[in-house]
Amino acid sequence: MRFFSLFLLLLPICICLGLVWKSLPILQEHSLSVLLFTADWKPMSKTFGFAAFIVSSLWVTLLALLFAAPVCILSAIHLTQYAPRRVVKVMQPVVDILAGIPSVVYGVWGLLNIVPWVSHTLAPALGYETSGYNILSASIVLAVMIIPFILNILIEIFRNIPLELQESSLALGANRWYTIKYVLMRKAFPGIISALGLGLSRAFGETMAVMMVAGNVSRMPTGAFQAGYPLPALIANNYGEMMSIPLYDSALMLAALILFIIVLAFNLISRLLILHYEKISK
Amino acid sequence: MKRYLSKHYTLKRKIQVLEELFFRSAMLTASILITLALCSIIWSIMQKGLPCLSWEMISQAPKGGFYFGKEGGILNAIAGSVYLAFGSTLLAFVIGLPVALYLNTYLQRAPRLVTIIRFILDLLWGIPSIVYGAFGFALMVFFRLPSSLAAGIIIVALLILPIMIRAIDEGLKSSPAGLKEAAYSLGSTNAELSFKILTRQCMPAIITAILLSFGRAIGDAASVLFTTGFTDNIPYSLGQPAATLPLSIFFQLSSPIPQVKERAYAAAAVLTIIILITSILSRLLSKKHNKNIVKF
Amino acid sequence: MESKIIIEDLDLYINGDQILKNINLHIPKNKITVILGPSGCGKTSLMKCMNRLTDIYPEMRIRGKILIDNENILDTHQDVTLLRKKMGLLSQRPYPLPMSIFNNVAFGMKINGKKKKAYLQHRVEHYLKQANLWDEVKHRLKDPGTSLSIGQQQRMCLARGLAVDPDIILADEPSSALDPISSLEIEKKFVELKENYTIVLVTHILRQAMRLADYVVFMYLGEVIEQGPAKEFFASPKTEITKAYLSGSIN
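Chains as they are written, first to last, in this note's numbering: chain R, 1 to 282; chain H, 1001 to 1296; chain D, 2001 to 2251.
Chain R with its partners taken away, still in its complex shape (with noise of 0.2 Å):
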């Protein structure tokens, strides 16, 4: 049992010197800013910037984020503050089944209907002309798949919150969406924050929903209405052809490890902004 123990916690270690070691080749003929910071993306000429595969990660990411946050706060303060208990009851399973749909089925559900509506409504409703695949229809899809991820965390922090301080703001006089707001909300910040970090990583590392819908055309998009082209999108469309052209496989790789340490980054920043918020409500 304690080798068990011991190699769990070698693991990430394991996984970031693998990829580093892959990684290598190109950052040798390559300088990392370079890498991050240029947009031009033609492996066959050896030129490989990753600037706008990372933008379009962040634009898909942030927007999602933006979708999600008030939905889920909204409704967690709905479901741990004011619904009836036959409501909790329906509303948990939903948000199980929810978090258990797999990422293609996602991706086919934004391909039936999220495309559709923005090629066909959204966009022609602001005067914009786009075939449905881009950013703002991969966050939409995005949103969708975070929000149970960040509601159950929010739901637990809500919880969480002790009854007793609840009660003595209510008996000081003030009505029940007083002290939501200017109590549990208060209280709930730091743990808020974190959940929403969270969700941000796990959005960022989304592989098949976002590459169905968001058009992977590698050039750094401007608009919402624009293809983009997150970067585990990259790593899983041209991994059949890396083997075949010099340096792309180390290119990729190289995208997998940026990808794994702004996701372990984001991971880490806001488990341990948890673990001190626990602390102190002790």
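Honestly, I wouldn't trust all of these hints.
Unchecked claim - Below, simulated EDC-like cross-link-like pairs (lysine to aspartate or glutamate); rule was C-alpha separation at most 20 Å, straight line: (1) 1287/H x 96/R; (2) 2110/D x 1192/H; (3) 279/R x 2059/D; (4) 2189/D x 2214/D; (5) 1173/H x 1192/H; (6) 1173/H x 2059/D; (7) 2114/D x 1192/H; (8) 2189/D x 2173/D; (9) 181/R x 1019/H; (10) 2110/D x 2125/D; (11) 2086/D x 1192/H; (12) 2021/D x 2011/D; (13) 1173/H x 156/R; (14) 2129/D x 2192/D; (15) 2115/D x 1192/H; (16) 2110/D x 1181/H; (17) 1196/H x 2143/D; (18) 2021/D x 2055/D; (19) 279/R x 1122/H; (20) 1173/H x 278/R.
Just so you know, these hints were derived from the structure itself, not from any lab.
Chains H and D: place on chain R using the hints.
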């Protein structure tokens, strides 16, 4: 003075009441939106996929070339996914259960170490599946191994291991200290406490963990993309590549040939049905096992 | 009077706070020793030291000696599981194991390697009879332990503890979760059992102590204030604190 104050008070109260009303309807809308999203997803998948589900579809492998062939079904993907998910869940369970028990028994005296291990497990949980896939691929290239079912099982097992351990761990954490004390007082060792008592006590959590991991294992595409390959055939040994439902959907959806597209929708429907069954099963089984559990 | 347990200079720290201070006491063999005192005086912690349950809590630290049959059990070279089998614990509220009634009682014997069905069935019946539970459960031994009422669960835990064939029974406020009738039954049991076992009973109920004790140890705020044969203790208490407690001034 008095009258001015009372008017002012009523206005402020009115705004507060309106504000509360606004937010309460916003909250209700949010919850309804979420439910509607689920209904929309299940509805569209079933609407497109159920008509394509026929006996041939689920009992035959594709014939005559995958992307172009018009005959056959998705049995290759169903079989491959089931083998993969079973194999990886089993592997993750065999490794994960002892680790979770170890955290809660032997390591009771080192709470700092336990916190560190739990923290690392949470970090591992957050690693995207494509990173696991890329890592697995790097390993396979290094050891010159071809894509196979076995490689997929190992990588997916790594992917779901943190889920398995943390879910069981959550259940074990909530077992009452008095029960452990009673067991120790009877002279049981940590191993006996773990395997004879705690596993029984936390059976609902263990079942939930297994089903949760299974659902994740069968639905994940990014990790098997690099490692398991794809084929029209049903694998009969661990060393062969295997088709999986998620990849089957992904590859076939972009085909111009309608019959191939139909297979994709059918696969999506099958996958969704499996996930729904897993969810319902985990709720039912945990309720059933509550009879032997000591409630505190 | 032969001493089964001798405690010498025992100190217990929980998270740095000293809970037990310089405990020195003797527990006589085959008698009921009652450890008496108000809530929070450290009685339960003292009991936990005796079968080394303190090992599993990293925040607890012990110093001193506990001699059982003249062997220091706090010596880290001792096999803890063997030691614990010498003692049966009855806790404040019953904790049935997640198994059938039969398996609950048989658990101790099974982990000692006794697997023969006939033997187990015979012994389980014997111990359930000792705990006065046999008649009530003999037709439903396969039912889960949790299906019993609390009073029955406590008696089952008693049977379970007796089944490991201990020399000493540690009882931590065993009737606190029980109704008066079950409570009296447990007390009757202890009086019967003391012929063959050394019983250490922790309680804060003065009347219960008066009913059951052969020997009394009075504790207050982590220290032993007085100890002695029950008759002497209740008839002529020596210190002011003891007098105050016995007269009801201290809770």
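Residue 1173/H paired with residue 156/R [C-alpha distance capped at 20 Å]
holds, 16 Å
Residue 2110/D paired with residue 1181/H [C-alpha distance capped at 20 Å]:
OK: residue 2110/D and residue 1181/H at ~18 Å, within 20 Å.
Is the straight-line distance between the alpha-carbon of residue 2110/D and that of residue 1192/H 20 Å or less?
holds, 11 Å
Is the straight-line distance between the alpha-carbon of residue 2129/D and that of residue 2192/D 20 Å or less?
holds, 13 Å
Is it true that the CA of residue 1173/H sits at most 20 Å from the CA of residue 2059/D?
holds, 17 Å
With a cut-off of 20 Å on the C-alpha distance, tell me whether residue 2189/D and residue 2173/D pass.
holds, 14 Å
So if I understand the rule, the pair passes when the alpha-carbon distance is 20 Å or less; does residue 2021/D with residue 2011/D pass?
holds, 5 Å
Given the hinted pair residue 2114/D and residue 1192/H, is their alpha-carbon gap at most 20 Å?
Holds, because 15 Å separates the two Cα atoms, which is no more than 20 Å.
Given the hinted pair residue 279/R and residue 2059/D, is their Cα-Cα distance within 20 Å?
The hint holds at about 17 Å.
Holds or violated: residue 279/R to residue 1122/H, with C-alpha atoms at most 20 Å apart:
Roughly 18 Å between the alpha carbons, so the hint for residue 279/R and residue 1122/H holds.
Given the hint that residue 1287/H pairs with residue 96/R, does the C-alpha gap stay at or below 20 Å?
Status holds; Cα separation ~16 Å.
Keeping to a limit of 20 Å between CA atoms, is the pair of residue 2021/D and residue 2055/D held or broken?
Within the cut-off at roughly 19 Å; holds.
Taken one by one, the earlier hints all hold for this structure without exception.
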